[in-house]
Amino acid sequence: QQQVKQSPQSLIVQKGGISIINCAYENTAFDYFPWYQQFPGKGPALLIAIRPDVSEKKEGRFTISFNKSAKQFSLHIMDSQPGDSATYFCAASMIIGGTYKYIFGTGTRLKVLA
Amino acid sequence: KAGVTQTPRYLIKTRGQQVTLSCSPISGHRSVSWYQQTPGQGLQFLFEYFSETQRNKGNFPGRFSGRQFSNSRSEMNVSTLELGDSALYLCASSQGLAGSKFFGPGTRLTVL
Numbered sequence: 001q002q003q004v005k006q007s008p009q010s011l012i013v014q015k016g017g018i019s020i021i022n023c024a025y026e027n028t029a030f031d032y033f034p035w036y037q038q039f040p041g042k043g044p045a046l047l048i049a050i051r052p053d054v055s056e057k058k059e060g061r062f063t064i065s066f067n068k069s070a071k072q073f074s075l076h077i078m079d080s081q082p083g084d085s086a087t088y089f090c091a092a093s094m095i096i097g098g099t100y101k102y103i104f105g106t107g108t109r110l111k112v113l114a
Numbered sequence: 115k116a117g118v119t120q121t122p123r124y125l126i127k128t129r130g131q132q133v134t135l136s137c138s139p140i141s142g143h144r145s146v147s148w149y150q151q152t153p154g155q156g157l158q159f160l161f162e163y164f165s166e167t168q169r170n171k172g173n174f175p176g177r178f179s180g181r182q183f184s185n186s187r188s189e190m191n192v193s194t195l196e197l198g199d200s201a202l203y204l205c206a207s208s209q210g211l212a213g214s215k216f217f218g219p220g221t222r223l224t225v226l
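Chains as they are written, first to last, in this note's numbering: chain A, 1 to 114; chain B, 115 to 226.
Next comes chain B alone, as it looks inside the complex (with noise of 0.2 Å):
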């Protein structure tokens, strides 16, 4: 089975912008999670879908929003980007809810 796929791999934005990650989870499995990773604050969640539903959330502004398509693959938008908002964003899959979950290779994100 392919693993979890996450385009682009690079981004280079400008503080203002804004962008839309792509992740494609692992074939039958229905539940993505988004993750921040940052050398400061290591790994934090930034939400959570399962059947096109946002089932949990983490501290993240408004900015940071997501979505989850019939198919399971998932999109993250991020508005009006900062430049705190670089940094290494993975999207992990799992068969279910409360199965282990399995990462992508991430999206490098930096804003300028």
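Isolated chain A, as found in the complex (with noise of 0.2 Å):
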């Protein structure tokens, strides 16, 4: 019930094309959905995150969509760019023992194309 599922595992993208990132989940006590971003020899850093009063956040090229009712969330990243070509992470958190425990993704590692 804690886990978070995301796929796709890889993906290749042209150039100013959309990738799409998609995320489920199970259990609905997780009320803050962050997404990560990682370069090779880089921690993750933080990209966007949502709550679930909201459907959508946008942030430059960056959008999470929220889909509360089928506990889902996708990451979506208009006009892909060679620099965006990472691993892109989701998480989930729910406060358990008063701090905030976040569950990961697997992970997507994202290619794209010049």
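Don't read these hints as lab results, they were simulated from the structure.
It is possible that part of the hints are untrue.
What the hints assert, rightly or not - Pulled a few chain A residues facing chain B out of the computed Cβ check, cut under 10 Å:
1) Pro34
2) Gly41
3) Pro44
4) Ala49
5) Arg61
6) Phe62
7) Phe66
8) Ser93
9) Gly97
10) Thr99
11) Tyr100
12) Ile103
13) Thr106
14) Gly107
What the hints assert, rightly or not - Subject to a maximum C-alpha distance of 30 Å in a straight line, what follows is the list of computed DSSO-like cross-link-like pairs (lysine-lysine):
15) Lys71/A <-> Lys5/A
16) Lys42/A <-> Lys127/B
17) Lys68/A <-> Lys58/A
18) Lys115/B <-> Lys42/A
19) Lys58/A <-> Lys115/B
20) Lys101/A <-> Lys15/A
21) Lys58/A <-> Lys15/A
22) Lys115/B <-> Lys101/A
23) Lys171/B <-> Lys71/A
24) Lys58/A <-> Lys101/A
25) Lys115/B <-> Lys57/A
26) Lys42/A <-> Lys58/A
27) Lys101/A <-> Lys71/A
28) Lys71/A <-> Lys111/A
29) Lys111/A <-> Lys42/A
30) Lys42/A <-> Lys57/A
31) Lys171/B <-> Lys115/B
32) Lys57/A <-> Lys101/A
33) Lys42/A <-> Lys171/B
34) Lys101/A <-> Lys5/A
35) Lys5/A <-> Lys171/B
36) Lys171/B <-> Lys101/A
37) Lys171/B <-> Lys68/A
Unchecked claim - Label pairs and their computed distance ranges (CB to CB):
38) Pro52/A <-> Thr152/B: 24 to 34 Å
39) Gln168/B <-> Asp79/A: 37 to 47 Å
40) Arg109/A <-> Gly210/B: 28 to 38 Å
Think of the CB as a built atom: it goes at the ideal place given N, C-alpha and C, for glycine as much as any other residue.
With the hints as a guide, dock the two chains, each given alone in a separate frame, to form the complex.
Now the structure itself:
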């Protein structure tokens, strides 16, 4: 019940295209959903996050779509660029023991072709 | 503000040895979490500290331990290293218990 399922495992997109990564969760107690971007040799960097009271959040070329009834959320990267090539992790978090516990998806390796 | 820093960045140890990793959170952040990242298992939560107290713990054996100091810096210790402990160990800090987490660059541990 605390799993977060992320798909696809890898994704190849042409420059200028739209990259879409999906995540699904089971536990309705999750109430914060961040996305992280990780480049090789670096730690994950917070990209964008959403709470379940909104259905969409946009920051520049990055958009999170959230479907509370389906317990799914997705990351859309518009006008994908070669510099976006990285591994993306979704996460779902909830308060446990007075602190937010994060459950991460397994990651999606994105490659944007020039 | 400087980001989360972790030292050392790379470590090579042999089985049976022990290792201590260090994490300095972003200035003003009081919560520090530790994660193990491997290709097969992804990001696995180890433990979280806030105000020098362990607030949450993942499903790792007792060989993995940590502590937090009064200046919020944290250390993680792994005793009796096993080959399977080879991983990238990530530290993340947040301002409070419910704040967004910001990761450091990690310590790459290789156990031979």
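Hint-by-hint comparison with the structure:
Because the smallest distance between the Cβ of Pro34/A and any Cβ of chain B comes to about 7 Å, under 10 Å, the interface hint for this residue holds. Hint status for Gly41/A: holds, given a least beta-carbon distance of 7 Å to chain B, under 10 Å. Here the hint on Pro44/A is kept, as its CB sits about 5 Å from the closest CB of chain B, short of 10 Å. Given the 10 Å rule on beta carbons, the hint for Ala49/A holds: about 6 Å separates it from the nearest Cβ of chain B.
Proximity of Arg61/A to chain B is violated relative to the hint, the smallest CB-CB distance being about 20 Å (cut-off 10 Å). Taking 10 Å as the C-beta contact cut-off toward chain B, the hint placing Phe62/A at the interface is violated, the least distance being around 15 Å. Hint status for Phe66/A relative to chain B: violated, with the closest Cβ pair at about 17 Å, above 10 Å. Annotation: interface hint on Ser93/A holds; nearest CB of chain B at approximately 9 Å, less than 10 Å.
A least Cβ separation of about 5 Å between Gly97/A and chain B falls short of the 10 Å threshold, and the interface hint therefore holds. Taken as an interface hint, Thr99/A checks out: its beta carbon lies about 4 Å from the nearest beta carbon of chain B, inside 10 Å. A hinted interface residue such as Tyr100/A counts as satisfied when its beta carbon comes closer than 10 Å to some beta carbon of chain B; here the least separation is about 5 Å, so the hint holds. Hint status for Ile103/A relative to chain B: holds, with the closest Cβ pair at about 8 Å, below 10 Å.
Evaluation of the Thr106/A hint against chain B yields a held restraint, the C-beta minimum of about 5 Å falling below 10 Å. Interface restraint check: Gly107/A against chain B, minimum CB-CB distance 6 Å, threshold 10 Å, status holds. As the CA atoms of Lys71/A and Lys5/A are separated by approximately 11 Å, the hinted pair is consistent with the 30 Å bound. Distance check on the hinted pair: Lys42/A and Lys127/B sit about 21 Å apart at the alpha-carbon level, within 30 Å; holds.
Under the criterion of a C-alpha separation no larger than 30 Å, the hint pairing Lys68/A with Lys58/A is consistent with the structure, at around 17 Å. This hinted pair checks out: Lys115/B and Lys42/A have alpha carbons roughly 18 Å apart, not beyond 30 Å. The hinted pair formed by Lys58/A and Lys115/B meets the criterion: a straight-line CA distance of about 25 Å does not exceed 30 Å. A C-alpha spacing of about 35 Å is found between Lys101/A and Lys15/A, which places the hinted pair above 30 Å, so the restraint is violated.
Distance hint between Lys58/A and Lys15/A is fulfilled; the C-alpha atoms sit about 20 Å from each other, no more than 30 Å. As the CA atoms of Lys115/B and Lys101/A are separated by approximately 25 Å, the hinted pair is consistent with the 30 Å bound. This hinted pair checks out: Lys171/B and Lys71/A have alpha carbons roughly 26 Å apart, not beyond 30 Å. Of the supplied pair hints, the one linking Lys58/A and Lys101/A holds, its CA atoms being roughly 24 Å apart against a limit of 30 Å.
Distance hint between Lys115/B and Lys57/A is fulfilled; the C-alpha atoms sit about 26 Å from each other, no more than 30 Å. A hinted pair counts as satisfied when its Cα atoms are at most 30 Å apart, and Lys42/A with Lys58/A qualifies at roughly 24 Å. Restraint check for Lys101/A and Lys71/A: the C-alpha separation of about 18 Å stays at or below 30 Å, so the hint holds. Using a Cα cut-off of 30 Å, the hinted pair Lys71/A and Lys111/A holds, with the two alpha carbons roughly 27 Å apart.
Between Lys111/A and Lys42/A the alpha-carbon distance is near 17 Å, which keeps this suggested pair within the 30 Å criterion. Between the alpha carbons of Lys42/A and Lys57/A the distance comes to roughly 26 Å, so the proposed pair stays at or under 30 Å and holds. For a cut-off of 30 Å, the pair hint linking Lys171/B to Lys115/B stands: about 28 Å separates their Cα positions. Of the supplied pair hints, the one linking Lys57/A and Lys101/A holds, its CA atoms being roughly 22 Å apart against a limit of 30 Å.
Only pairs whose Cα atoms come within 30 Å are accepted, and Lys42/A paired with Lys171/B is accepted, the gap being roughly 24 Å. Straight-line distance between C-alpha atoms of Lys101/A and Lys5/A comes to about 16 Å, which keeps the hinted pair within the 30 Å bound. Under the criterion of a C-alpha separation no larger than 30 Å, the hint pairing Lys5/A with Lys171/B is consistent with the structure, at around 22 Å. With a C-alpha separation of about 9 Å, the suggested pairing of Lys171/B with Lys101/A holds against the 30 Å cut-off.
Between Lys171/B and Lys68/A the CA atoms are separated by roughly 28 Å; this keeps the pair inside 30 Å, and the hint holds. Taken as a hint, the range 24 to 34 Å holds for the pair Pro52/A and Thr152/B, whose Cβ atoms sit roughly 30 Å apart. Between Gln168/B and Asp79/A, the C-beta spacing of about 44 Å keeps the proposed range 37 to 47 Å intact. Checked against the given bound of 28 to 38 Å, the beta carbons of Arg109/A and Gly210/B, roughly 32 Å apart, stay inside it.
Checked against the numbered hints listed earlier, the structure breaks hints 5, 6, 7, 20; every other hint is satisfied.
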